[in-house]
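Peer 1: Below are the chains, spelled out letter by letter.
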Amino acid sequence: GENVEQHPSTLSVQEGDSAVIKCTYSDSASNYFPWYKQELGKGPQLIIDIRSNVGEKKDQRIAVTLNKTAKHFSLHITETQPEDSAVYFCAASRITGGGNKLTFGTGTQLKVEL
Amino acid sequence: GAGVSQSPSNKVTEKGKDVELRCDPISGHTALYWYRQSLGQGLEFLIYFQGNSAPDKSGLPSDRFSAERTGGSVSTLTIQRTQQEDSAVYLCASSSRQSRVQGYTFGSGTRLTVV
Chain A
1 GENVEQHPST
11 LSVQEGDSAV
21 IKCTYSDSAS
31 NYFPWYKQEL
41 GKGPQLIIDI
51 RSNVGEKKDQ
61 RIAVTLNKTA
71 KHFSLHITET
81 QPEDSAVYFC
91 AASRITGGGN
101 KLTFGTGTQL
111 KVEL
Chain B
1 GAGVSQSPSN
11 KVTEKGKDVE
21 LRCDPISGHT
31 ALYWYRQSLG
41 QGLEFLIYFQ
51 GNSAPDKSGL
61 PSDRFSAERT
71 GGSVSTLTIQ
81 RTQQEDSAVY
91 LCASSSRQSR
101 VQGYTFGSGT
111 RLTVV
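Protein sequence lines correspond, in order, to chains A and B.
Residue 67 in our numbering sits at position 67 of the first sequence, and the numbers go up by one each step.
Residue 69 in our numbering sits at position 69 of the second sequence, and the numbers go up by one each step.
Calculated from the structure, these hints are not laboratory results.
There's no promise every hint is true.
To be verified - In silico BS3-like links for lysine-lysine, alpha-carbon gap of 27 Å or less:
1. B/K15 x A/K37
2. A/K68 x A/K22
3. A/K37 x A/K111
4. A/K22 x A/K37
5. A/K58 x A/K22
6. B/K17 x A/K22
7. B/K57 x A/K37
8. B/K57 x B/K11
9. A/K68 x A/K57
10. A/K71 x A/K57
11. A/K111 x B/K15
12. A/K42 x B/K15
13. A/K111 x A/K58
14. A/K111 x A/K42
15. A/K111 x A/K22
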């Protein structure tokens, strides 16, 4: 089955700096890679996703890059703000007609310091 | 409703008791997923339902765990003879194959504590 590794487990940055979180996956058939943000006491919320036919996707201050050959993908947050502080999870799956079972990384605790 | 609703939000139970956790997905979403999140850990897949297909139960950790989805909507996760290692946040999510993205919408979870 799929295995997703995520680094770092904790990340502290100064407000305004960039933050990068990296993930690797094992199943070359995986074709869908979402990122989730989880705030304390809440369920994870989808913030951005990318499919395997695209190398990069950007949405305002967040971007995701995908390297299919190396089987790794990264989340980039620019101009970080205190409200970006949360736990971020990457995930991978193979979208089929029957469903979309995600395998998650272990999470990165991001702290944006003033 | 507008989002995925889970109940109860918190549950404290004695070791050996059975518990039922409920998930009400977004109306019209055909897929429903259960995940478990232990303290400081990632999300562990438990089970998912897709339409009328047989559920994928490959993530259930033991035969004490079971789930059903009635009428293609509400789902109940049942844990029998609870153990302390069952303590975790149980998250439910739903998704739609017709949606623009394949991402899940998660509920806020049920925090289960077995004492």
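Peer 1: Each hint: holds or not?
Peer 2: A quick look at each hint next to the structure:
1. A threshold of 27 Å between alpha carbons decides the hint, and for B/K15 with A/K37 the separation of about 32 Å lies outside it, so the pair is violated.
2. A hinted pair counts as satisfied when its Cα atoms are at most 27 Å apart, and A/K68 with A/K22 qualifies at roughly 14 Å.
3. Note on A/K37 and A/K111: the hinted pairing holds, with a Cα-Cα distance of about 13 Å set against a maximum of 27 Å.
4. Under the criterion of a C-alpha separation no larger than 27 Å, the hint pairing A/K22 with A/K37 is consistent with the structure, at around 14 Å.
5. Restraint check for A/K58 and A/K22: the C-alpha separation of about 16 Å stays at or below 27 Å, so the hint holds.
6. Only pairs whose Cα atoms come within 27 Å are accepted, and B/K17 paired with A/K22 is rejected, the gap being roughly 41 Å.
7. Among the hinted pairs, B/K57 with A/K37 is consistent with the structure: their alpha-carbon atoms are about 26 Å apart, no more than 27 Å.
8. For the proposed pair B/K57 and B/K11, the alpha carbon gap of about 23 Å is at most 27 Å, so the pair holds.
9. Distance hint between A/K68 and A/K57 is fulfilled; the C-alpha atoms sit about 14 Å from each other, no more than 27 Å.
10. For the hint pairing A/K71 with A/K57, the CA-to-CA distance comes to about 16 Å; that is within 27 Å, so the pair holds.
11. In summary, the hint linking A/K111 to B/K15 is not supported, as the alpha carbons are separated by about 36 Å, beyond the 27 Å threshold.
12. Restraint check for A/K42 and B/K15: the C-alpha separation of about 26 Å stays at or below 27 Å, so the hint holds.
13. Of the pairs offered as hints, the one joining A/K111 and A/K58 holds, with about 22 Å between alpha carbons and a cut-off of 27 Å not exceeded.
14. About 17 Å separates the Cα atoms of A/K111 and A/K42, which keeps this hinted pair within 27 Å; it holds.
15. Proximity of A/K111 to A/K22 is assessed by CA-CA distance (about 16 Å); at most 27 Å being required, the pair is judged to hold.
Going down the numbered hints, you'll see the structure goes against 1, 6, 11, while the others check out.
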